[in-house]
Amino acid sequence: MKISVTVNGKRYERDVEPRTLLAYFLRESLGLTGTHVGCDTSSCGVCVVVLDGEKAVKSCTMLAVMADGHEIMTIEGLVQGGVLHPLQQGFWDQHGLQCGYCTPGMMMTSWVLLKQNPNPSEAEIREGLSGNLCRCTGYQNIVKAVEQAAAAMQSQPVETVA
Amino acid sequence: MFPAPFDYHRPGSLDETLVLLAQYGGDARVLAGGQSLIPAMRFRLARPAVLVDINQLDELAYVREADGMLAIGALARDAALERSSLIESSYPLLFDTSAVVADPVVRQMGTVVGSLCHNDPSGDWSVTALASRAQIVVRGSTGTRVVPIDEFLVDSFSTAVAEGEIALEVRFPSPPPRTSGSYQKIERKVGDFATSAAAAQITLGDDGTVAQIGIAIGAAGPTATRVADAESALRGIKPTKDAIRAAADAARKIADPVADPRGSVEFKKDMAGVLVGRALLAAFERLGVGGLR
Amino acid sequence: MSTTIEPTPTPERHAMGKSMKRKEDPRFIRGHGRYLDDFTLPGMLWMSLVHSPYPHARIVKIDKTAALAVPGVVAVLTGEDLAAHNLAWIPTFHGYDKQMVLAVGKVLYQYQEVAGVIASSREIAQDAAELVDVEYEPLDPVVNPFQSRDDKIILRDDRENKTNHIYHWEVGKREETDAAIAASDVSIKERIVFQRCHPAPLEPCGILADMNPATGRLTLYLTSQAPHAHRTVVSLVTGIPEDKIHVISPDLGGGFGNKVPVYPGYVVSAAASVVLGVPVKWIETRTENLTTTGFARDYHMDVEIGASKDGRVTALKVATVADHGAFDAAADPTKYPAGLFGIVTGSYDFPTAFTELDAYFTNKAPGGVAYRCSFRVTEASFAIERGMELLARKLNMDPSELRLLNFVKKEQFPYPSPLGFVYDSGDYHMTLRKALDMIGYEDLRKEQAEKRERGELMGIGISTFTEAVGAGPSKHFDIMGIKMFDSAEIRVHPTGSAILRAGTKSQGQGHETTWAQIAAEELGLDPQNIMVEEGDTDTAPYGLGTYASRSTPVAGAAIAMASRKIREKARKIAAHLLEAAVDDVEWTNYKFQVKGQPDHALTMQEIAFAAYTNPAPDSEPGLEATYYYDPPNLTFPYGAYIAVVDVDRETGAVKVRRFLAIDDCGTVINPMVVEGQIHGGLTEGFAIAFMQEIVYDESGNNLNTNFTEYLVPTSLETPHWETSSTCTPSPHHPIGAKGVGESPNVGSPAAFVNAVMDALAPLGVQHIDMPLTREKVWHACRQAATA
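In the order they appear, the protein sequences are chains A, B and C.
Take any residue in the first sequence, count from 1 to its spot, add 15: that is its number in this note's numbering.
Take any residue in the second sequence, count from 1 to its spot, add 168: that is its number in this note's numbering.
Going by this note's numbering, the residue at position 538 of the third sequence is 527; the numbering climbs one at a time, nothing skipped.
One chain only, chain A, in its complex shape (with noise of 0.2 Å):
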């Protein structure tokens, strides 16, 4: 089946598969291989992606033919003219990762959790991440990161790309 998905702005026609999941349809047909697939019950949230600029999904939960139409941003699609995301910067600053491996999914998820609440409280960061395993960090350095570029982004707002 043919569809239409628009990935990191970038507007890609490909022929696929019904049963071909969200997630391997971005890293095998598109080459995107920041998003990444570590269970096959929607656990673990390696694979999250956001879709249509508000929904924060697991991408191995999800057909390619349901993106069909609709816009997906992946880890790859985060920096903006070369310049890291604050949430980048966060995670690289606070030692918010170690093998890597969540920490795309990590990133998408808190960039939904950020457009919702702009001022999360840790209770409320650590309840908004309970999606997205991580087996490395333990999680604490990773709310700071996410608390790192929350202040970032409320004093500084990023510039919307138009």
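Be a bit skeptical, because a hint or two may be false.
Pairs of lysine-lysine residues, derived as PhoX-like cross-links and limited to a Cα-Cα distance of at most 25 Å, are as follows [said to hold, decoys possible]:
id : chain 1 : residue 1 : chain 2 : residue 2
1  : A       : 159       : C       : 12
2  : A       : 159       : C       : 10
3  : C       : 554       : C       : 7
4  : C       : 765       : C       : 178
5  : A       : 159       : C       : 7
6  : A       : 159       : B       : 357
7  : C       : 765       : B       : 421
8  : C       : 440       : B       : 409
9  : B       : 357       : C       : 765
10 : C       : 324       : C       : 162
11 : C       : 765       : B       : 437
12 : C       : 151       : C       : 95
13 : B       : 357       : A       : 70
14 : C       : 644       : A       : 159
15 : C       : 644       : B       : 437
Read the hints as simulated data drawn from the structure, not as lab findings.
Got chain A sorted already, so can you dock chains B and C onto it with the hints?
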């Protein structure tokens, strides 16, 4: 892991959806949020020959109050309730529930109606729907019916939706003044189904007695279960510690869970009681009734 | 009990001891990490495995017809096909046993690999795997080691010895220990089980095998914590010369010991690529990960401690029954079948001790990997720390006082332990006192007493563990005969930047940063311009890899020593440039200078340039060195952990209110990285204490086959961690470092369990085995209520 092959249809209208469902009957499954269906298909525990994807039907993505009812459309995501000020202010039981279904990412795709249709014995929404006496609007090619939740939940993973039909909407009666509720869930971790769950919704009369009440438990039988004995015992009286304790015991008595890795029958039966007690206590306290601890 | 702790003086350093941001992060935060499944090759095929639904069954027949008929299927391999290439069985790591690649004759555990399907896509491979028709004749399973012990059902008919008993191992003085315990005023004895669990890194295991028929070279992209060891194993098993094998271990999405062994999926894929002459990829599903690849623990330990009535310990005895599953695939050094379990005397000065262990086969998945743990040190630490807690209770003594009374004293180091280790350094009293002080121990005990009056359940748990890590000295440590040294190669470029290669393999530990910091510290170079490369056997010097907290103790030392070799050569170049005698040139302030003449100084960068442009006469140009470091001893990191919990009597829920970890890992290379390692390890310890377990039912079915049942805690359950440190450097390590990645996972389970047992003490509860689920705690509370 990948689903077995299937035919995929994405109808552009409800009518088209009904035509497809009528055409494929039992071979077709409706795809809404997909948060239960897609993992089941990846494990090939579900192998629908046809998927009818309703995600394009934006007109079903509503949460609105009308005619004394809160209507939640088939495409309204769990997260829509979690972030709704209307739900937060007027539907405390629903608000509680919306925050503990699955995990916060799954809730951004998962739907309330889809969860009810899936009817997992440990699901959350069916418990809350029972306690708040919800109704489900079901449509087929021959017309629309409104099914009370008690009749909707037929058996585990089975509902009153027949082949060729679709559940369009769930309706929760808008609570009268002096109504509150609470949802209590024990889960092993975020994202788990309930080890045990209880929902309570209470309306107090002007004299402080219980005018309306709904109590239900989850993970305590083939479907969510109404604790009718506790409801009738509390109805018409002023709440007391003893009455709450008796309601909890009624839940323990009626609970009929299965042993699984989440817990033994003995544990789950006791938790049904503990959680019913806690749900009632929280609901009464939200209504300003103290001294019940 | 308030004491003032003098801060350990740290001289201002050039590169070490600083929380330098990680050099590997820029690619990860952009989604440009390269993990195994990110590699694809033209013409690549996919492999999917067929698994046994039975834990124990004879294979009657395997019919490939339907699978082969699926369009896109290229081959279906079975154990018999592999047997034709002598690949049906492979040796296990320590060489005592062998394991099946694909089942031949019978299956020995549920989910065992029975066939491999090679196809043109992942989906088709899975479709066809479902169609491989295997006829089984089910046999009665043996699902626990105590049942296995009676040998009524012999599991391994391939072995000469018709018994399920794998081996007996013991160390220490049995009679002396028994006599000492019998003569003690007080003693405790408890069966303590460390449950079967699984490392479950978020990235599953996988391989992309690429046999190039034109060159005859086999390239293996592999999720490998030990790429060189894997290259050697592949060569030994297949007979392919080692120069024709290239192992590339790319970015790893966690390992925790899971990516040490060789798995059937690797062998089948590699064999398929060799036979077909095209690349073949296999990526494990989460279910395959949890049901077939390296589990950990599964030790049933009978712990006995004797003590005088004033609380001095007299003897320790631990007798263990170990469940090894269907094959003895435990990844322990050859001479240490039970790993470093002899560390079981812990931080305490036992006059005598004895430990023995018997290992058995069962119809469960093989493994026994060092899951975020130096070979069985986690089991041992849990046993002693639980034992000391039980002893404190029996003596009616505060558990901190009992520990302070029995600690090995600072002046006793190097301390020969009764079970054969020589602990390098430590100041256990200082570290525990710091922990008690920081957490406000006395106030917590007061609060607890008040709560107990009101019937509330609050608990405080201590764990003061000692690890043995950094395997190891070649005299004692080898894997398949290969000595457990590690290596580093450093090349300084003309302009003063460098490349550093090591035989280790980071899985998130941050080697690209910390290795650069060590070399930069030793050489006075900029760590930002020292590129670290690991995981490619064509370029890296031979090393045994990263597990068992051995990277910093062994490879970290190799890096320091290689740097020092470079420095010695640089000294000669400096002397030449400064026109001074070599002996008159000293390394001061990260520069070479003529003794006492800071004006006559050269930086390493200047010397590097000269090494290529103006080398000293009669000297070899260039500036590089390789060092293979054979450690003289293990290192012994330790810590003092305190957990504070509140227990909900009605539901059995445990809330970890506070957790303080004081770690002493000797010299710290990067405090930020160390803290990150501790947070992560504590979280895994928390998971083990409260939720993680691989359970088999009575019929041998695995009940924890994916992340909906094998529970990994989320940000919401995970407690907030408080951390601090003390520093007693290792006297025998070139930079005094000891290793830290595993301490928190080793030390914390006992702190959690001790805290919960302390909370339940008023109810008379002695011990509950992990994981401490709500139901277990509820059950204990309820029994007390009805008693």
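- Query: Which hints, by number, does the structure contradict?
  - Reply: none
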